[in-house]
Amino acid sequence: MEFKDYYEIMGIKRDASQGEIKRAYRKLARKYHPDVSKESEAEDRFKEVGEAYEVLKDPEKRTAYDQLGSNWQQGQDFQPPPGWQDGFEFSGGGYTEANSANFSDFFEDLFGRAGGAGFQQGPQPGFQLKGEDHHAKVGVSLEDAFHGAERAITLKMPEVDATGHLVTRDRKLNVKIPKGVTQGQRIRLRGQGGPGTGDAPAGDLYLEIDLLPHSIYTVDGRDVYVDLPITPWEAALGEKISIPTLGGKVEMKIPAGSQSGSKLRLKGRGIPGKRKGDQFVVLKIQAPEAKTEEQKKLYRRMQEEMNFNPRSRLGV
Amino acid sequence: MSRHSTHIEIIDEYFEFTLADLCQCCTVQAETIIDMVEEGMLTPLGKSPSDWRFTGTAQRQVEITLHLQRDLRVNLPGAALALELMEEIDRLRSQIQIKG
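Protein chains in written order, with this note's numbering: chain A, 1 to 316; chain B, 1 to 100.
Simulated from the structure, these hints should not be mistaken for laboratory data. Errors might be hidden in some of the hints.
Cross-link-like lysine-lysine pairs, in silico, DSS-like; alpha carbons within 25 Å at most [what the hints assert, rightly or not]:
hint	chain 1	residue 1	chain 2	residue 2
1	A	Lys253	A	Lys284
2	A	Lys253	A	Lys263
3	B	Lys47	A	Lys38
4	A	Lys276	B	Lys99
5	A	Lys263	B	Lys99
6	A	Lys284	B	Lys99
7	B	Lys99	A	Lys267
8	A	Lys249	B	Lys99
Distance ranges between label pairs, derived from CB positions [what the hints assert, rightly or not]:
hint	chain 1	residue 1	chain 2	residue 2	range
9	A	Asp109	B	Thr18	18 to 28 Å
10	B	Leu72	A	Ser40	18 to 28 Å
11	A	Glu8	B	Leu72	38 to 48 Å
12	A	Lys249	B	Lys99	21 to 31 Å
13	B	Lys99	A	Gly238	55 to 65 Å
14	B	Arg91	A	Lys27	25 to 35 Å
15	B	Asp51	A	Ala152	19 to 29 Å
16	A	Ser312	B	Val37	47 to 57 Å
17	B	Ile8	A	Glu132	12 to 22 Å
18	B	Asp51	A	Ser40	36 to 46 Å
19	A	Gly191	B	Asp90	23 to 33 Å
20	A	Glu43	B	Ile8	23 to 33 Å
Glycine included, C-beta positions come from ideal geometry on N, C-alpha and C.
Let the hints inform the model, and build the full structure from the sequences given.
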């Protein structure tokens, strides 16, 4: 078991006042709140900060934690010394609104589990309660969002074992990802959540779609964007060229006189759905390098012939 | 254990929740949803609570609101403002990504 340095996690000194602890927690809770934060690993950090605050805000738990000494390092292998909690009465109680099911083994070994023994007693006869809904994220490629796919996913399911301890069990599911899913969208699998109590039905499983970054496409809702490099002569003269789309290559006419940044629409070529998305092609003109003397001559000729100043709007 | 899932529903802008469905899947009392409607955070179709039809996106909005209230002690108008700002940030992020 790894030692948790709750002071380091909260970025405070060991002699911080209760007021400083509260302020540090509130600031970090806002920073790492999983619904708000885009920081990587925000959810893990949020849980870790919640656990640290659970201990440090409670003078009794904090005193007990402090008596372990200040020589322990974050992540160091740790076992609580025998009889270390003699004289304290926090075990199994005194928890606040924080979700203690997410606390680490380190916390549980030191302070016990929330709720007390009565919490995990078996159901009363005739008692019925629908099972808990479960939530998980599933990474989906843009191709799979477009075509639909079948995916094998492994979920970590919390369960109470015969001795009343919370354990996690791997559960494998084959899930059909319907075509036309978009970023952040949810799919519901009825009856695939936690088991119900008594004769009540099982809860549902919600999977949130997380579209994986793509090497050439970006997505906004159901619309797909692709940057298309074109030559100056294709832009100036117009040309029919081949465009990649999620459904395969299509031919598209680049109008004469196109400029870099011009956006062309391929209607209905985005992510499918009741409202089909479009694909937008953003033109990027690329000028070839003049390597040979002949090529340089060609550019000089253009300079003479075109009489073109792209900076005229800037007054220079 | 591996098994096939047959009942798959996409919870999107075309999905419809009644007030009772939304309460059940978010594990909240109807009063909580009614307060959010009155705050302008949810805009169901239908005239009275018994006719209300919410889109699939309402579920996520209710859950975020509950989390913000529980974890950050935000009140309902504060959560409404946070949701609007988060939506705006998401929109701007998409634009930045597209402009690359």
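Hints versus structure:
1. A/Lys253 - A/Lys284: Holds: A/Lys253 and A/Lys284 sit about 15 Å apart, inside 25 Å.
2. A/Lys253 - A/Lys263: Since the Cα atoms of A/Lys253 and A/Lys263 sit roughly 12 Å apart, the hinted pair holds (cutoff 25 Å).
3. B/Lys47 - A/Lys38: The given pair, whose Cα atoms are some 37 Å apart, is violated under the 25 Å limit.
4. A/Lys276 - B/Lys99: holds (22 Å)
5. A/Lys263 - B/Lys99: holds (11 Å)
6. A/Lys284 - B/Lys99: Holds. A/Lys284 to B/Lys99 sits at ~12 Å (cutoff 25 Å).
7. B/Lys99 - A/Lys267: Within the cut-off at roughly 20 Å; holds.
8. A/Lys249 - B/Lys99: Holds - the C-alpha atoms of B/Lys99 and A/Lys249 are around 23 Å apart, at most 25 Å.
9. A/Asp109 - B/Thr18: 18 to 28 Å: About 46 Å separates the Cβ atoms of A/Asp109 and B/Thr18, which means 18 to 28 Å is violated.
10. B/Leu72 - A/Ser40: 18 to 28 Å: Holds, at about 20 Å.
11. A/Glu8 - B/Leu72: 38 to 48 Å: Once the Cβ atoms are compared, 23 Å apart, the range 38 to 48 Å for B/Leu72 and A/Glu8 is violated.
12. A/Lys249 - B/Lys99: 21 to 31 Å: With Cβ atoms ~25 Å apart, the hint holds.
13. B/Lys99 - A/Gly238: 55 to 65 Å: 25 Å Cβ-Cβ, so the 55 to 65 Å window is violated.
14. B/Arg91 - A/Lys27: 25 to 35 Å: holds (26 Å)
15. B/Asp51 - A/Ala152: 19 to 29 Å: violated (42 Å)
16. A/Ser312 - B/Val37: 47 to 57 Å: For B/Val37 against A/Ser312, whose Cβ atoms are near 55 Å apart, the range 47 to 57 Å holds.
17. B/Ile8 - A/Glu132: 12 to 22 Å: 19 Å Cβ-Cβ, so the 12 to 22 Å window holds.
18. B/Asp51 - A/Ser40: 36 to 46 Å: holds (43 Å)
19. A/Gly191 - B/Asp90: 23 to 33 Å: Check passed, 31 Å falls within 23 to 33 Å.
20. A/Glu43 - B/Ile8: 23 to 33 Å: Holds - the Cβ-Cβ distance for A/Glu43 and B/Ile8, about 25 Å, lies within 23 to 33 Å.
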